[in-house]
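Asks: Those protein sequence lines, which keep their order, are chains D and Z.
The first sequence lines up with residues 146 to 444 when you count with the working numbering.
The second sequence lines up with residues 146 to 444 when you count with the working numbering.
Simulated from the structure, these hints should not be mistaken for lab results.
Do not rely on the hints blindly, as some may be mistaken.
Derived Cβ-Cβ restraints for the label pairs, each shown as a range [claimed, not checked]:
(1) Z:Asp241 - D:Ile176: 28 to 36 Å
(2) Z:Asn168 - D:Gln164: 38 to 46 Å
(3) D:Tyr438 - Z:Val159: 53 to 61 Å
(4) D:Ala354 - Z:Asn168: 29 to 37 Å
(5) D:Val252 - Z:Val159: 38 to 46 Å
(6) Z:Asp319 - D:Arg358: 53 to 61 Å
(7) Z:Gly208 - D:Asn281: 28 to 36 Å
(8) D:Asn168 - Z:Ser317: 35 to 43 Å
(9) Z:Glu314 - D:Val252: 17 to 25 Å
Just so it is clear, CB atoms sit at the ideal spot from N, CA and C, and this is done for glycine as well.
Number of protein chains: 2
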Amino acid sequence: MNKDTFKREINDKVRLIDQALDNYLFNSAAIPETLHHAMRYSVFAGGKRLRPVLLLASAEAVGGDAVLLLPAASAFEMVHTYSLIHDDLPAMDNDDFRRGQPTNHKVFGEAMAILAGDGLLTEAFGLITECCVSGNISPETVVTVIKELSQAAGPFGMIGGQVVDIHSENQSIDKDVLEYIHSHKTGALFKACVRAGAIMGRGSAEQLAALTRYAENLGLAFQITDDVLDVEGDSGKLGKTVGSDERLKKATYPSLYGLEESKKLAADAVDRALKALDMFDREADLLRCIARYLLEREN
Amino acid sequence: MNKDTFKREINDKVRLIDQALDNYLFNSAAIPETLHHAMRYSVFAGGKRLRPVLLLASAEAVGGDAVLLLPAASAFEMVHTYSLIHDDLPAMDNDDFRRGQPTNHKVFGEAMAILAGDGLLTEAFGLITECCVSGNISPETVVTVIKELSQAAGPFGMIGGQVVDIHSENQSIDKDVLEYIHSHKTGALFKACVRAGAIMGRGSAEQLAALTRYAENLGLAFQITDDVLDVEGDSGKLGKTVGSDERLKKATYPSLYGLEESKKLAADAVDRALKALDMFDREADLLRCIARYLLEREN
Numbered sequence: 146m147n148k149d150t151f152k153r154e155i156n157d158k159v160r161l162i163d164q165a166l167d168n169y170l171f172n173s174a175a176i177p178e179t180l181h182h183a184m185r186y187s188v189f190a191g192g193k194r195l196r197p198v199l200l201l202a203s204a205e206a207v208g209g210d211a212v213l214l215l216p217a218a219s220a221f222e223m224v225h226t227y228s229l230i231h232d233d234l235p236a237m238d239n240d241d242f243r244r245g246q247p248t249n250h251k252v253f254g255e256a257m258a259i260l261a262g263d264g265l266l267t268e269a270f271g272l273i274t275e276c277c278v279s280g281n282i283s284p285e286t287v288v289t290v291i292k293e294l295s296q297a298a299g300p301f302g303m304i305g306g307q308v309v310d311i312h313s314e315n316q317s318i319d320k321d322v323l324e325y326i327h328s329h330k331t332g333a334l335f336k337a338c339v340r341a342g343a344i345m346g347r348g349s350a351e352q353l354a355a356l357t358r359y360a361e362n363l364g365l366a367f368q369i370t371d372d373v374l375d376v377e378g379d380s381g382k383l384g385k386t387v388g389s390d391e392r393l394k395k396a397t398y399p400s401l402y403g404l405e406e407s408k409k410l411a412a413d414a415v416d417r418a419l420k421a422l423d424m425f426d427r428e429a430d431l432l433r434c435i436a437r438y439l440l441e442r443e444n
Numbered sequence: 146m147n148k149d150t151f152k153r154e155i156n157d158k159v160r161l162i163d164q165a166l167d168n169y170l171f172n173s174a175a176i177p178e179t180l181h182h183a184m185r186y187s188v189f190a191g192g193k194r195l196r197p198v199l200l201l202a203s204a205e206a207v208g209g210d211a212v213l214l215l216p217a218a219s220a221f222e223m224v225h226t227y228s229l230i231h232d233d234l235p236a237m238d239n240d241d242f243r244r245g246q247p248t249n250h251k252v253f254g255e256a257m258a259i260l261a262g263d264g265l266l267t268e269a270f271g272l273i274t275e276c277c278v279s280g281n282i283s284p285e286t287v288v289t290v291i292k293e294l295s296q297a298a299g300p301f302g303m304i305g306g307q308v309v310d311i312h313s314e315n316q317s318i319d320k321d322v323l324e325y326i327h328s329h330k331t332g333a334l335f336k337a338c339v340r341a342g343a344i345m346g347r348g349s350a351e352q353l354a355a356l357t358r359y360a361e362n363l364g365l366a367f368q369i370t371d372d373v374l375d376v377e378g379d380s381g382k383l384g385k386t387v388g389s390d391e392r393l394k395k396a397t398y399p400s401l402y403g404l405e406e407s408k409k410l411a412a413d414a415v416d417r418a419l420k421a422l423d424m425f426d427r428e429a430d431l432l433r434c435i436a437r438y439l440l441e442r443e444n
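Let the hints inform the model, and build the full structure from the sequences given.
Replies: Take a look at the structure:
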């Protein structure tokens, strides 16, 4: 798959996901208006839709029909969005901008931002159950995916990573703690997206194991690249202040390993992600391209 | 069922629920320690366990085995607890005490209180799926209950009620808005507990409809009694400052209907709740007693 085809395929998937999210989220005529407005604001604040794209691409890699899984893909994006809204709160990272736009609490106030996040998280679990109705997915499979999401997003996954991240501000931490933070805060949900796609697409146990290795390494490469971009990125393209990790004195891959070694670690992780896909033929090309072009991203 | 038997039955159920919650919530040796500590703190801060008791009692009313439903009952209590933690935050009701103890953010800080709430909500959805494993409940039924919980706790249920409640502070609101707030903020989760018990206990459609009417009226009676207690209760027994609704200039049943009329409205709602149980024999006695003794409660 060349770069143009890749971009077209990604854009097609993003369009499907945006339409689905627009369908599932109530418009601001629903009561209470401000709440629905606040929920939509952050969901449509320029996210790259990487997580739902991964879910759909993973389903296709095992021969599943991506369109049937749009409720689940949208649900994972809603969980990701909720986590960003809560992470940006004054009591947490206190960020005024994300992706170049004012954060949720800057627009709607703290109370509404907390509740909009709560709302997205709560709706997400309900939305996955729609796959039974519209996607011909068995209730047993839906229950499995709900359990995966709960674990990945919960205290032993994303929330646990965020807690350790907050505790580590202004602390000198070692490589193990850095790895814990990233594998939980970002990695767990990445992995759950890819696994959900494979499970709902009826992949075999071997396929699921291979895709899990792919996702683990992709998540790692993604996080290292994020840290690198925070040091040397273009704040216009990034939509946030470059150097914000240093401002918060957060430990990052560049601060622990140096910039060049960090780039090498990211490239190694991408290699391992690609190798994990060896058992697949062309049906995994989109997953391969996502990994390859990850290192070239600018935001 | 006389009052002593009732108290014994309630205590037995509360003990089962407390044991289950103690089992399902990780102890503070789990990482990250503070997070698990914060989650446990509020779950074991003296809640009456009314929602999980209702779930179990409703299951028994339709001939189900309550013990098998402890994961679901615990999950509903965790969702209730998360909502209290977030409602108490400085950006929301800014309460320093609940049930006579410092609120979560007073002990663990705002960031941890937000994350502890998020953690409980996320874990709750995963915990319900355990009913498939330990409770011999079909995945289809579990999916139905997850959907009920998502709707009851989400933007069209509890969260919607909280949003309108916040918007209504210092506003003069009418009876319709007051009813919206209560039926959503408290009523929706009450109803979902009772319905979840009936659904998982394999009740008939008629039984489910009757129990839904029971729950709607019980929730209403509960909320009116809450408002009445805020005016004339004993702050020692209540564990919070009497008159806090007036301080926040919240509209309440007593402020809109007067104290005597409010008590009559609560009694009428209890009568309707009892009448809804007419089709049941003695197996619904616990539900009847809960409604009857609700009016006598002191906290």
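Asks: Hint compliance check: list the failing hint numbers for this structure, sorted ascending.
Replies: The structure breaks none of the hints.
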